[in-house]
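J.: Note that the protein sequences, when read in sequence, are chains C and Y.
Numbering of the first sequence is given in my numbering, commencing with residue 1 and proceeding in unit increments.
Numbering of the second sequence is given in my numbering, commencing with residue 203 and proceeding in unit increments.
These are computed hints drawn from the structure, not numbers from a lab.
Honestly, I wouldn't trust all of these hints.
[What the hints assert, rightly or not] Footprint (simulated), chain Y over chain C, 3 or more residues, beta carbon under 8 angstroms:
#, stretch
1, 13-19
2, 27-33
3, 36-47
4, 118-124
5, 169-178
[As the list claims (entries may be wrong)] Some but not every residue of chain Y turned toward chain C, in silico, with C-beta under 10 angstroms:
#, residue
6, Q218
7, Q254
8, D255
By construction, the Cβ of each residue, glycine as well, lies at the ideal position given by its N, Cα and C atoms.
Listed below are the residues making up each chain.
Number of protein chains: 2
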Amino acid sequence: MDPSLPEPEPLRALIQALRGLPGVGARSARRMAYHLLQHDPDGALRLGRALQDAVGQLRHCLRCNSFSQADLCPTCTHADRDQNLLCVVETPADQNMIEASHGYRGLYYVLMGRLAPLEGVGPDQLQFSRLLERATDGAVREVILATNFTAEGETTAHYLSDMLRARGLSVSRLARGVPSGGELEYVDAGTIAWALHERRPS
Amino acid sequence: MDPSLPEPEPLRALIQALRGLPGVGARSARRMAYHLLQHDPDGALRLGRALQDAVGQLRHCLRCNSFSQADLCPTCTHADRDQNLLCVVETPADQNMIEASHGYRGLYYVLMGRLAPLEGVGPDQLQFSRLLERATDGAVREVILATNFTAEGETTAHYLSDMLRARGLSVSRLARGVPSGGELEYVDAGTIAWALHERRPS
Numbered sequence: 001m002d003p004s005l006p007e008p009e010p011l012r013a014l015i016q017a018l019r020g021l022p023g024v025g026a027r028s029a030r031r032m033a034y035h036l037l038q039h040d041p042d043g044a045l046r047l048g049r050a051l052q053d054a055v056g057q058l059r060h061c062l063r064c065n066s067f068s069q070a071d072l073c074p075t076c077t078h079a080d081r082d083q084n085l086l087c088v089v090e091t092p093a094d095q096n097m098i099e100a101s102h103g104y105r106g107l108y109y110v111l112m113g114r115l116a117p118l119e120g121v122g123p124d125q126l127q128f129s130r131l132l133e134r135a136t137d138g139a140v141r142e143v144i145l146a147t148n149f150t151a152e153g154e155t156t157a158h159y160l161s162d163m164l165r166a167r168g169l170s171v172s173r174l175a176r177g178v179p180s181g182g183e184l185e186y187v188d189a190g191t192i193a194w195a196l197h198e199r200r201p202s
Numbered sequence: 203m204d205p206s207l208p209e210p211e212p213l214r215a216l217i218q219a220l221r222g223l224p225g226v227g228a229r230s231a232r233r234m235a236y237h238l239l240q241h242d243p244d245g246a247l248r249l250g251r252a253l254q255d256a257v258g259q260l261r262h263c264l265r266c267n268s269f270s271q272a273d274l275c276p277t278c279t280h281a282d283r284d285q286n287l288l289c290v291v292e293t294p295a296d297q298n299m300i301e302a303s304h305g306y307r308g309l310y311y312v313l314m315g316r317l318a319p320l321e322g323v324g325p326d327q328l329q330f331s332r333l334l335e336r337a338t339d340g341a342v343r344e345v346i347l348a349t350n351f352t353a354e355g356e357t358t359a360h361y362l363s364d365m366l367r368a369r370g371l372s373v374s375r376l377a378r379g380v381p382s383g384g385e386l387e388y389v390d391a392g393t394i395a396w397a398l399h400e401r402r403p404s
């Protein structure tokens, strides 16, 4: 930036703060700042308050580790949930997807991440000991690993599988195969190879 | 969202507010919210404060219409600027680019947008009357139109050219042609056609 054209300090600070958002570079941050200031100051103030409220009011549920306003989240305290099943997911978004499938009535544990050694995210950073404590509460009979089918998600699932089976727990993994409605022509070769290998009698 | 898994209200409100940012959809907003809450609560609070400070402290410079903390911005009050030249740009970012070229010592007028009839942005919305008042202050001798070379930027330039020339002002437009370092193979045909038409003796 040419020093002869100093950006006003509040604008500079806002652009800098917006760059802290994931996936937002210098140009996007600038565009966002101009947009908010020029066209949506109310939205800017609303976002400012929402950020402060969220940071101030949200914590992690002591049982499932997802975001919660109370010590225990509504899902964990729900009376109708099957206490014998524990589904492990990477993020609350993944948990939402599983809920939306209406195919699961057990409980959850949200890792809030996945093993990523290159980024310095190991078992300690993800507090695997908390999951172990949760899974060995005596009620859980089966742990369903629902981490993503990416390299990192698979690594996480393998690690957790070893860790949990060593404690005598029954561990399962989401099935892998051709997605519902999937056309073979548009499915990647790895998925097809897997689906062939895991073919089921029909 | 399945009602059996209610998102905590502050999280829902934060995701909703983030969706107000340009270019941010539901998935990105959710990812941003998780990232801030999980990995960067300090950054979230910093962004919250920056938004409130920016909205509270920034206004439009009375002369150039760019964002400013005072009634007049430092550029407009700078002693060494050539008062005879007025460069019209769409955004403060464009102004920054021209400053960074070190090829201009005149003053600016920032439209904070461009004509976009389909979006309801016309001469009134852009307050062209303010630009007219600024350009006819007696000191300005030449107005340089530096709107983008997009359809909307060109429309805006044509409109402003007519408006300003009708008041007896000398009006110019940034030159169009092959960019510095540009290889013809990678330059679009329209630009090459223009560069041929506007060829200069060498």
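J.: Indicate, hint by hint, whether the structure satisfies it.
T.: Verification of the hints:
Note: the stretch 13-19 of chain C has 5 residues with beta-carbon separation from chain Y under 8 angstroms; the three-residue rule is met and the coverage holds. Remark: the stretch 27-33 of chain C is confirmed as covered by chain Y, as 6 of its residues place a Cβ nearer than 8 angstroms to a Cβ of that chain, reaching the required three. Under the rule that three or more residues need a Cβ within less than 8 angstroms of chain Y, the assignment of the stretch 36-47 of chain C holds, with 10 such residues. By the rule of at least three residues with a Cβ nearer than 8 angstroms to a Cβ of chain Y, the coverage given for the stretch 118-124 of chain C is violated, with 0 such residues.
Counting residues of the stretch 169-178 of chain C whose C-beta lies closer than 8 angstroms to any C-beta of chain Y gives 0; at least three are required, and the coverage claim is violated. The beta carbon of Q218 of chain Y comes within 7 angstroms of a beta carbon in chain C, closer than 10 angstroms, and the hint placing it at the interface holds. The beta carbon of Q254 of chain Y comes within 5 angstroms of a beta carbon in chain C, closer than 10 angstroms, and the hint placing it at the interface holds. Look at D255 of chain Y: its Cβ gets to within about 5 angstroms of chain C, closer than 10 angstroms, so that hint holds up.
Of the numbered hints stated above, those contradicted by the structure are hints 4 and 5, listed in ascending order.
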